[in-house]
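Undergrad: Below are the chains, spelled out letter by letter.
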Amino acid sequence: MLLQDENLWYKDAVIYQLHVRTFCDSNGDGIGDFRGLTSKLDYLQELGINAIWLLPFYPSPLRDDGYDIADYTSVHPAYGSLQDFKDFLTAAHNRRIRVITEMVVNHTSDQHPWFQEARSSRENPKRDWYVWSDTDSRYQGVRIIFVDTEMSNWAWDPISKSYYWHRFFSHQPDLNYDNPVVREAMWEVMKFWLDIGVDGFRLDAVPYLIERDGTSCENLPETHEIIRDFRKRIDLAYPGKMLLAEANQWPADVRSYFGNGDEFHMAFHFPLMPRMFMAVKLEDRKPIIEILEQTPQIPDACQWCVFLRNHDELTLEMVTDIERDYMYDEYAVDKAMRINLGIRRRLAPMMENDRRRVELLTGLLLSMPGTPIIYYGDEIGMGDNIYLGDRNGVRTPMQWNGGWNAGFSSADPERLYSPLISNPVYGYQAINVDSQRRSAHSLLSWTKSVIQTRNAFRVFSRGSIEFLNPSNHRVLAYVRRLGEEKVLVVNNLSSSAQAVELNLQMYKRHIPIEMFGRNLFPRIGDLPYLLTLGPYQFYWFRLRRI
Amino acid sequence: MAEESFLADDFLRQLMSVGEVDLLVGIPSYNNASTLAQTLQSVEASLRQNFVRERAVILNVDGGSADETRQLFVQSAERIDAGHKGLTSLRTVHRISCEYDKSPSQGLALHSIVAAADLLRARACVVISPTTTNLTPSWVANLLRPVYRQGLDFVAPLYVRSRFQGLLARDLLYPMCRAIFGQRIRELYSEEWGFSGRLASQCLEKDVWHEEAVRARPEAWMAITAISADLKCGQYFLGPKTASPTGTGPDIVEAIRQTVGNFFWCLETNQANWLSRSNSQPVPTFGPDHELSLDGIPPSQEKIFDLFRSGVSELEPILASILAQDTHAQIEAIALSDRSNFHFAPELWVKTLYEFAASYHHAVLNRDHLVQALVPLYRGRLYSFLLENANSSAEAMETQSEILCQEFERQKPYLIEKWTAKR
Numbered sequence: 001m002l003l004q005d006e007n008l009w010y011k012d013a014v015i016y017q018l019h020v021r022t023f024c025d026s027n028g029d030g031i032g033d034f035r036g037l038t039s040k041l042d043y044l045q046e047l048g049i050n051a052i053w054l055l056p057f058y059p060s061p062l063r064d065d066g067y068d069i070a071d072y073t074s075v076h077p078a079y080g081s082l083q084d085f086k087d088f089l090t091a092a093h094n095r096r097i098r099v100i101t102e103m104v105v106n107h108t109s110d111q112h113p114w115f116q117e118a119r120s121s122r123e124n125p126k127r128d129w130y131v132w133s134d135t136d137s138r139y140q141g142v143r144i145i146f147v148d149t150e151m152s153n154w155a156w157d158p159i160s161k162s163y164y165w166h167r168f169f170s171h172q173p174d175l176n177y178d179n180p181v182v183r184e185a186m187w188e189v190m191k192f193w194l195d196i197g198v199d200g201f202r203l204d205a206v207p208y209l210i211e212r213d214g215t216s217c218e219n220l221p222e223t224h225e226i227i228r229d230f231r232k233r234i235d236l237a238y239p240g241k242m243l244l245a246e247a248n249q250w251p252a253d254v255r256s257y258f259g260n261g262d263e264f265h266m267a268f269h270f271p272l273m274p275r276m277f278m279a280v281k282l283e284d285r286k287p288i289i290e291i292l293e294q295t296p297q298i299p300d301a302c303q304w305c306v307f308l309r310n311h312d313e314l315t316l317e318m319v320t321d322i323e324r325d326y327m328y329d330e331y332a333v334d335k336a337m338r339i340n341l342g343i344r345r346r347l348a349p350m351m352e353n354d355r356r357r358v359e360l361l362t363g364l365l366l367s368m369p370g371t372p373i374i375y376y377g378d379e380i381g382m383g384d385n386i387y388l389g390d391r392n393g394v395r396t397p398m399q400w401n402g403g404w405n406a407g408f409s410s411a412d413p414e415r416l417y418s419p420l421i422s423n424p425v426y427g428y429q430a431i432n433v434d435s436q437r438r439s440a441h442s443l444l445s446w447t448k449s450v451i452q453t454r455n456a457f458r459v460f461s462r463g464s465i466e467f468l469n470p471s472n473h474r475v476l477a478y479v480r481r482l483g484e485e486k487v488l489v490v491n492n493l494s495s496s497a498q499a500v501e502l503n504l505q506m507y508k509r510h511i512p513i514e515m516f517g518r519n520l521f522p523r524i525g526d527l528p529y530l531l532t533l534g535p536y537q538f539y540w541f542r543l544r545r546i
Numbered sequence: 547m548a549e550e551s552f553l554a555d556d557f558l559r560q561l562m563s564v565g566e567v568d569l570l571v572g573i574p575s576y577n578n579a580s581t582l583a584q585t586l587q588s589v590e591a592s593l594r595q596n597f598v599r600e601r602a603v604i605l606n607v608d609g610g611s612a613d614e615t616r617q618l619f620v621q622s623a624e625r626i627d628a629g630h631k632g633l634t635s636l637r638t639v640h641r642i643s644c645e646y647d648k649s650p651s652q653g654l655a656l657h658s659i660v661a662a663a664d665l666l667r668a669r670a671c672v673v674i675s676p677t678t679t680n681l682t683p684s685w686v687a688n689l690l691r692p693v694y695r696q697g698l699d700f701v702a703p704l705y706v707r708s709r710f711q712g713l714l715a716r717d718l719l720y721p722m723c724r725a726i727f728g729q730r731i732r733e734l735y736s737e738e739w740g741f742s743g744r745l746a747s748q749c750l751e752k753d754v755w756h757e758e759a760v761r762a763r764p765e766a767w768m769a770i771t772a773i774s775a776d777l778k779c780g781q782y783f784l785g786p787k788t789a790s791p792t793g794t795g796p797d798i799v800e801a802i803r804q805t806v807g808n809f810f811w812c813l814e815t816n817q818a819n820w821l822s823r824s825n826s827q828p829v830p831t832f833g834p835d836h837e838l839s840l841d842g843i844p845p846s847q848e849k850i851f852d853l854f855r856s857g858v859s860e861l862e863p864i865l866a867s868i869l870a871q872d873t874h875a876q877i878e879a880i881a882l883s884d885r886s887n888f889h890f891a892p893e894l895w896v897k898t899l900y901e902f903a904a905s906y907h908h909a910v911l912n913r914d915h916l917v918q919a920l921v922p923l924y925r926g927r928l929y930s931f932l933l934e935n936a937n938s939s940a941e942a943m944e945t946q947s948e949i950l951c952q953e954f955e956r957q958k959p960y961l962i963e964k965w966t967a968k969r
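In order, the protein sequence lines correspond to chains A and F. First residue of the first sequence? That's 1 in this note's numbering, and the numbers climb one at a time after it. First residue of the second sequence? That's 547 in this note's numbering, and the numbers climb one at a time after it.
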């Protein structure tokens with residue numbers, strides 16, 4: 001499938017993930033809104049990101065932070081109006097920032113009119129829009145995802161006196177994609193937003209669209225058929241729009257969601273994320289190398305999405321029991337930090353506020369193959385509040401300054417949708433955008449600089465990767481290559497200084513140029529290339545043959 | 547002029563790459579290509595199963611193999627189950643190799659291992675022999691765990707022995723060491739043992755690595771060093787042990803030269819410690835502290851007795867210079883006795899050994915010759931043992947061993963008296 005280069009924008013993107021509720025409140029009601037977000041677009045442009053991924057902003061009872069949608073074609077009143085969204089979209093596009101929205105295709109809220117109709121009687125025309133059963137014994141053995149809250153994938157509906165299927169919370173009934181009318185309805189939803197101008201969708205929970213007896217009800221062939229159908233329609237009617245899969249699976253299983261380049265454009269690389277954290281804690285490159293070696297090739301027009309943290313828990317589903325125990329023990333000693341099969345913490349607290357480790361991980365994120373996603377607030381090292389319940393601790397208001405409500409809202413603090421982070425280490429008085437803007441050496445300034453460097457070299461977004469295997473396993477080194485453009489990345493994963501000898505014979509006579517300071521390093525010769533790195537230090541070298 | 551280092555630059559470079567570790571597994575080798583892969587698999591399986599979070603290195607120290615042992619060590623891939631998802635182990639299990647010399651030496655091999663342990667700041671180490679053909683992952687773990695988790699500094703193995711196996715250890719080395727150093731460690735001379743990084747560092751600092759006794763059999767010296775430094779010692783029951791043909795060990799003359807010679811040298815170098823010790827204490831033991839099996843064929847007795855008798859006769863002037871007059875006379879008397887009624891009493895055996903040890907100390911003659919002069923007497927004692935225990939049960943033999951141990955302890959003042967006497 002040939003695509004125009006401009007249509008591959010998602011490969012060169014640096015995506016910033018945010019929830020409109022969390023970012024900026026323009027009307028003083030304590031809840032972030034689209035007008036507030038629009039007012040902060042200059043900040044995002046300055047940061048250097050070129051795509052925004054918005055978490056669900058649709059009308060919803062908000063029992064799952066908006067992933068329980070009650071109306072697909074409108075905006076939750078607390079966040080503004082549809083016009084506010086359109087204004088935001090235009091403003092973003094004017095700044096060459098694309099907008100990716102959330103499309104929760106697998107399920108709706110139980111408050112959605114579709115479900116209300118479906119449950120009203122067994123004869124209702126929308127009855128077949130959901131998955132019903134007279135018993136709760138169908139699809140036995142299918143795993144429960146929210147193990148902390150749900151006992152079964154079936155819930156009893158007292159109105160129609162039958163069970164309905166839900167892979168997530170019981171207030172989120174699964175849509176029945178065996179019904180072609182449902183597919184058409186969802187396509188109409190997509191068209192609605194594509195016509196307005198959104199640049200792509202993150203499709204939530206895609207492996208679970210179809211159910212079949214005797215299977216895990218995940219990744220079924222019929223699910224792929226549905227995706228191919230959506231993709232075909234998008235390519236025909238909306239070229240250049242992008243589909244991003246949320247499929248929390250092993251890379252080999254996610255591979256099928258790229259199809260032959262005819263399903264998703266991008267998919268999250270879930271297993272890589274915990275292994276980056278693991279590698280830094282273990283001070284050993286093995287977790288990263290091993291998972292990338294298990295990652296299959298994907299079609300040329302496709303791309304992995306890589307991330308460190310997001311709005312959910314740091315998921316530990318795609319790790320072994322041994323790895324999970326290790327992650328819990330190292331990063332979530334306090335049981336309050338754990339939820340489901342994961343860890344509800346932000347990047348900076350997980351790194352014990354160690355700037356060097358935050359930078360190392362961000363450097364890894366931005367230099368690895370794939371489109372990086374930065375979670376809002378991580379660029380300034382925001383903290384979390386593990387006592388807020390569910391995953392709300394990583395969804396607290398953005399910290400813009402040290403003043404009233406961190407500059408997030410003019411409302412009374414009691415009215416904010418969530419308490420601010422206010423402890424002495426991560427509180428808004430200590431960690432905020434304004435103060436970091438004032439320092440050329442702040443984490444924010446550093447993040448801007450590293451994004452800028454990445455954006456200047458397409459080798460990062462589109463180049464191949466070749467791992468070097470120095471005998472020092474505390475050092476992770478690789479060469480990114482795109483045509484004649486070559487970048488050598490060397491990362492010290494350990495807390496102590498390291499010496500490493502790199503076999504760079506393929507690049508003999510090249511001159512390494514350090515990309516942040518633009519300093520020349522000794523030319524690569526016949527001997528192994530010796531580098532020394534401080535604790536958690538990393539280098540990006542442009543390899544030039546002059 | 548700069549001092550020479552016994553660590554090759556390449557080895558040092560490998561150590562730098564490994565960095566600090568928690569566990570170190572040392573595998574001395576010499577032409578072990580046929581068994582090394584199996585050993586490696588067991589070691590790696592043990593680390594995966596038992597020490598998944600620990601930083602570990604497997605170190606091969608080779609004595610100039612001609613059969614590509616080193617290449618095999620470096621190149622053989624870690625076995626990964628088909629269809630495996632996730633990590634095979636959390637960390638990289640480092641594999642490094644060095645050639646310490648062009649000819650094999652247990653002491654030089656250990657020297658490289660303890661140097662690596664010291665430089666890498668390993669907390670727990672184990673030496674594993676590639677000649678052991680029934681090595682299981684649990685062996686490695688059992689020798690490492692008491693050091694790593696329970697703070698022991700030296701862990702000796704315990705094996706199931708057949709009645710007629712390991713007689714030199716049971717009749718001489720164990721009871722003598724127990725009486726003199728006060729710690730009941732049964733297998734001082736073995737090919738597998740565990741030790742702490744702390745003990746490795748202490749051993750490394752000692753200027754003894756050029757000594758023949760240490761070069762030949764360093765393991766008992768290491769144990770005695772631990773005992774002398776009041777470090778914590780223990781032993782772990784590993785079960786039966788089988789070895790490949792290349793590991794059958796030296797003949798009895800060479801075995802005595804190596805082990806008894808080594809032990810007497812240890813007495814010499816640690817006299818300040820043991821002279822003041824009395825009685826013996828059991829050491830922490832994991833599993834049964836001994837197990838004798840009833841299988842095994844006794845060695846031919848005829849030849850042993852003849853060699854004893856001829857040795858006593860031929861070495862008469864040498865024995866006269868080593869032994870007290872009375873002791874020598876008693877030995878000459880039993881050498882003349884009828885072979886069917888022969889009896890080398892425990893009391894006489896202990897006295898003989900203590901006089902040998904004291905004469906070694908006083909260097910009444912060339913020490914190597916002195917140790918070799920013990921060979922015919924050991925044969926006499928062995929003959930007596932075989933004669934008396936042809937049909938004994940394992941329990942009865944153990945009872946006899948214990949009686950012998952107590953005799954060694956009872957006569958220790960005699961050793962001290964002879965040892966400290968002016969000549």
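Hints listed in this document are in silico derivations from the structure and should not be mistaken for laboratory results. Note that beta-carbon positions come from the ideal geometry of N, C-alpha and C, so glycine has one too. Hints may be right or wrong, so weigh each one.
Said to hold, decoys possible - Reference excerpt, derived from the structure (chain A facing chain F, CB under 8 Å, subset only): (1) L282; (2) D284; (3) E323; (4) Y326; (5) S471; (6) N472; (7) H473; (8) A499; (9) R544; (10) R545; (11) I546.
Claimed, not checked - Derived CB-CB ranges, DEER-like: (12) A/L527 to F/A612: 41 to 51 Å; (13) A/D325 to F/S708: 14 to 24 Å; (14) A/F521 to F/L558: 17 to 27 Å; (15) F/R667 to A/R356: 50 to 60 Å; (16) A/E484 to F/L558: 36 to 46 Å.
Said to hold, decoys possible - To give a feel for the contact side, a few chain A residues facing chain F, derived at Cβ under 10 Å: (17) L468; (18) P470; (19) V475; (20) E501; (21) N503; (22) Q505.
Undergrad: If a hint holds in the structure, say so; if it doesn't, say that too.
TA: Evaluation of the provided hints:
1. Nearest Cβ of chain F to the Cβ of A/L282: about 5 Å, under the 8 Å cut. The hint holds.
2. The beta carbon of A/D284 comes within 5 Å of a beta carbon in chain F, closer than 8 Å, and the hint placing it at the interface holds.
3. Because the smallest distance between the Cβ of A/E323 and any Cβ of chain F comes to about 6 Å, under 8 Å, the interface hint for this residue holds.
4. The closest approach between the C-beta of A/Y326 and any C-beta of chain F is roughly 6 Å, which is under the 8 Å cut-off, so the hint is satisfied.
5. For A/S471, the suggested interface contact is upheld, since its CB lies about 4 Å from the closest CB of chain F, less than 8 Å.
6. The interface hint given for A/N472 is met, as the beta carbon of that residue sits about 4 Å from the closest beta carbon of chain F, less than 8 Å.
7. The interface hint given for A/H473 is met, as the beta carbon of that residue sits about 4 Å from the closest beta carbon of chain F, less than 8 Å.
8. With a least beta-carbon distance of about 6 Å to chain F, the hint placing A/A499 at the interface is held under the 8 Å criterion.
9. For A/R544, the shortest C-beta to C-beta distance to chain F is roughly 28 Å, which exceeds 8 Å, and the interface hint is violated.
10. Because the closest C-beta pair between A/R545 and chain F is about 28 Å apart, greater than 8 Å, the hint is violated.
11. The restraint placing A/I546 at the interface with chain F is violated, with a minimum CB-CB distance near 31 Å, outside the 8 Å limit.
12. Between A/L527 and F/A612 the CB atoms are about 30 Å apart, so this pair departs from the stated range of 41 to 51 Å.
13. The hint said 14 to 24 Å for the Cβ distance between A/D325 and F/S708, and at roughly 43 Å that hint is violated.
14. For the pair A/F521 and F/L558, the beta carbons lie near 25 Å from each other, so the given range of 17 to 27 Å is met.
15. For F/R667 and A/R356, the hinted distance range of 50 to 60 Å is not satisfied, since their beta carbons lie about 23 Å from each other.
16. Taken as a hint, the range 36 to 46 Å holds for the pair A/E484 and F/L558, whose Cβ atoms sit roughly 38 Å apart.
17. Interface hint status for A/L468: violated, as the beta-carbon distance to the closest one in chain F is roughly 13 Å, over 10 Å.
18. Given the 10 Å rule on beta carbons, the hint for A/P470 holds: about 7 Å separates it from the nearest Cβ of chain F.
19. Hint on A/V475 holds. Least Cβ distance to chain F is approximately 9 Å, under the 10 Å limit.
20. Taking 10 Å as the C-beta contact cut-off toward chain F, the hint placing A/E501 at the interface holds, the least distance being around 8 Å.
21. Contact between A/N503 and chain F, as hinted, is not supported at the beta carbon level, the nearest pair being about 13 Å apart and thus beyond 10 Å.
22. The restraint placing A/Q505 at the interface with chain F is violated, with a minimum CB-CB distance near 17 Å, outside the 10 Å limit.
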